[in-house]
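Engineer: Sequence:
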Amino acid sequence: MVLARPVLFGYFCNVMNGRRLYLPVVLMLLAILAVATFQVFWLIKNFREEKQETGFRTNVLFGEALQRIRAEKLKLDTNFSTDVKFRVAGYSAVGMLDAMRTRVLDTMARDRKVRVFVTSKNTAFIREGVPADSMNEIHVFKDGPGPGIVRVLSKVDSLQDSIGVKELSDKYAQVLRKERISLPFYITSRKAVLQDGFPPPPFEEMQNEITIGFNHPVTYRLEVGNMNAFVLQKMWSQLLVSVVLVGLTVFSFALLLRSLVQQRKLTQIKNDFISNITHELKTPIATVSVAIEALRNFGALHDEEKTKEYLAISSNELKRLSFLVDKVLKLSMFEKHQVELKEETIDLAVLVKEVVNSMKLQFEKYRAQVNVQMHGYRFEIEADRLHITSVLFNLLDNALKYSRENPSIHLELKDETERILLSITDNGIGIPPEYHKKIFDKFFRVPAGDTHNVKGYGLGLSYVSYVIQRHYGSIEVESQPGIGSRFIIKLPAAP
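Residue 50 in the UniProt record's numbering sits at position 50 of the sequence shown, with consecutive numbering throughout.
Calculated from the structure, these hints are not laboratory results. These numbers were taken from a predicted model, which means no experiment stands behind them. Glycine included, C-beta positions come from ideal geometry on N, C-alpha and C. Among these hints, one or two may not hold up.
[As the list claims (entries may be wrong)] Using C-beta positions, here's what the derived DEER-type ranges look like:
1. P495 <-> M374: 16 to 26 Å
2. K353 <-> Y22: 54 to 64 Å
3. D326 <-> P481: 25 to 35 Å
[What the hints assert, rightly or not] Below, a list of computed lysine-lysine pairs in the DSS-like style, where the Cα atoms sit at most 25 Å apart:
4. K166 <-> K73
5. K414 <-> K490
6. K234 <-> K45
7. K178 <-> K73
8. K401 <-> K490
9. K437 <-> K414
10. K282 <-> K308
11. K438 <-> K265
12. K178 <-> K234
13. K178 <-> K51
14. K365 <-> K401
15. K178 <-> K166
With the sequences and hints as input, model every part of the structure.
Structural biologist: This is the structure we're talking about:
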C-alpha cells in the first residue's frame with residue numbers, strides 16, 4: 001500500500017500533465033462501447049422474442065375468431081343436433097366429425113365431437129358424447145367415407161361454406177381490439193386440395209393458414225403487417241431505459257473527461273503562473289538585495305546621494321511586490337463578492353481624458369499615437385470611480401505592452417441612449433481566436449512557452465472582467481494575430 005501511493009500519485013501527475021491522458025479516454029470509450037453493445041444485443045433478443053410471441057398470438061386469435069363464427073352458425077341451426085346415434089351401412093370407416101358448440105337440449109352448450117366406430121367390415125355407428133378436447137385429430141378413411149357419414153358431415157360443411165372473408169375479418173378485428181392489438185391484416189380464402197383421398201384436419205393451424213371443412217375444405221390465410229412497428233411500440237419502456245442508461249453513462253464519462261481536461265488546463269495555467277510570477281518576483285528581490293549589500297559592504301551609507309538612490313530603488317521594488325499581492329487579494333475578494341462598490345455618477349468622457357493625460361509619459365516612452373473619439377453628448381454612468389479607473393489603466397497598459405514599435409491606440413465613446421459603449425483598439429500582436437474567451441480567466445496568459453518578454457501575472461484582464469460584471473456591463477474582444485485587438489465595454493447609462 002505504501003508503494004502504491006507514489007505510483008498512483010505519479011500516474012495522476014502524468015495524466016494532469018497530459019502525458020497519459022489518452023489511457024483514461026480509451027478506457028472510457030471501451031466502457032461506453034461495452035454498455036452500448038450489451039444494450040443492443042439485449043434489445044435485439046427481446047425484440048425477436050416479442051415479435052415471435054406476437055405472431056403466435058395473432059395466429060391463435062385468428063383461429064379463435066374462425067371457431068367463434070362456426071360455433072355461432074351451428075347454434076343458430078335448430079334442425080341440426082349432435083344427438084346422433086345410428087347405424088351406417090356401406091364402406092367401413094374410422095373418423096371424427098367436429099360439431100363444435102352445436103345445439104343441445106340444455107342451455108349450456110359444450111364442445112363435442114361425433115365419433116365413427118367400426119363394428120364390422122361393412123357396418124359402422126356414429127355416436128355423440130365425446131368431448132372436443134383436440135382440434136388436430138385427422139380423419140382416417142378406408143376406401144373413402146361411407147354414404148351415411150357423408151350425409152352427417154355434409155350438414156356441417158354446408159354451414160362452414162357460408163363463412164365469408166368479410167365476416168371473418170370483422171370478427172378477427174373484434175378479437176384483436178379486445179386483446180388491445182392494433183395491427184393491419186389481410187385475410188384471403190381458397191379451396192383446399194385433398195391429397196391421396198384424405199381430407200385435411202377439421203381445424204388445423206399451419207403458421208398463418210387455417211383449413212376447415214370435410215367435403216369442401218377451405219383454407220383461410222392471414223397476412224399481418226406492420227409487425228415491427230407494433231413490437232417496437234410495445235417495447236418503448238425497454239428502449240427508453242436503454243437510451244437513458246447509455247445516455248447517463250456517456251454523460252458521466254463526458255463530465256469525468258471534462259474534469260480531467262479542466263484539471264490539466266488548470267495545472268498548465270498554474271505552472272505558467274508560477275513560472276511568470278517567479279520571474280517577476282526575482283527582479284525586485286534581487287534589486288533590494290543588491291541595494292542592501294551595497295549599503296552594507298561598499299560604504300554607500302557614507303554617501304548621502306547614493307543612500308537615497310538605493311533606498312528609492314528598494315522602495316519602488318517593494319511597491320511592485322505590494323501591488324502584486326494587492327491585485328491578487330482584490331481579485332479574490334471580487335470573486336467572493338466581498339468588495340463594496342462606492343457608486344457615483346461619473347462622466348466617462350471626462351474620466352477617459354484624465355486617464356490618457358496621466359499616462360502621457362508612458363505613451364511618449366513607447367512613442368505611441370493615442371486618439372480619442374466621441375459620438376454623442378451624454379456619457380454619464382453609475383460606477384465606482386476607483387475600479388473603473390483601474391480598468392482603463394489595465395486596458396491601455398496592455399495596449400502598450402503587447403504592441404510592436406510605434407503603437408497606435410484608438411479610444412471611442414458612443415452614447416447609445418440606454419448604455420455607453422467604450423472601445424479601445426490597438427495595432428498590437430493580436431490574440432488567436434481560440435483564446436478570446438480564456439483571456440478573461442484568472443492567471444491565464446496566451447501560451448508563449450517560457451519566454452517572458454512582457455511582464456504580467458495573468459490577472460489584469462480577469463480583474464477587468466470582474467469589475468465590468470459587477471457594474472452590470474459586458475466586455476468582449478475582437479482580435480486577429482498580427483493585426484491588433486479591440487476591447488469593447490458596454491455599461492448601463494445613468495438614469
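Engineer: Now, for every hint given, state plainly whether the structure supports it.
Structural biologist: Each hint tested on the structure:
1. P495 <-> M374: 16 to 26 Å: Cβ of P495 to Cβ of M374: about 21 Å, so the range 16 to 26 Å holds.
2. K353 <-> Y22: 54 to 64 Å: holds (55 Å)
3. D326 <-> P481: 25 to 35 Å: Holds - the Cβ-Cβ distance for D326 and P481, about 32 Å, lies within 25 to 35 Å.
4. K166 <-> K73: Answer holds: K166 to K73 is near 15 Å, not above 25 Å.
5. K414 <-> K490: holds (10 Å)
6. K234 <-> K45: holds (14 Å)
7. K178 <-> K73: holds (21 Å)
8. K401 <-> K490: Between K401 and K490 the Cα gap is close to 24 Å, so the pair holds against 25 Å.
9. K437 <-> K414: holds (24 Å)
10. K282 <-> K308: holds (22 Å)
11. K438 <-> K265: Status holds; Cα separation ~11 Å.
12. K178 <-> K234: The given pair, whose Cα atoms are some 16 Å apart, holds under the 25 Å limit.
13. K178 <-> K51: holds (19 Å)
14. K365 <-> K401: holds (11 Å)
15. K178 <-> K166: Roughly 18 Å separates the two Cα atoms, so the pair holds.
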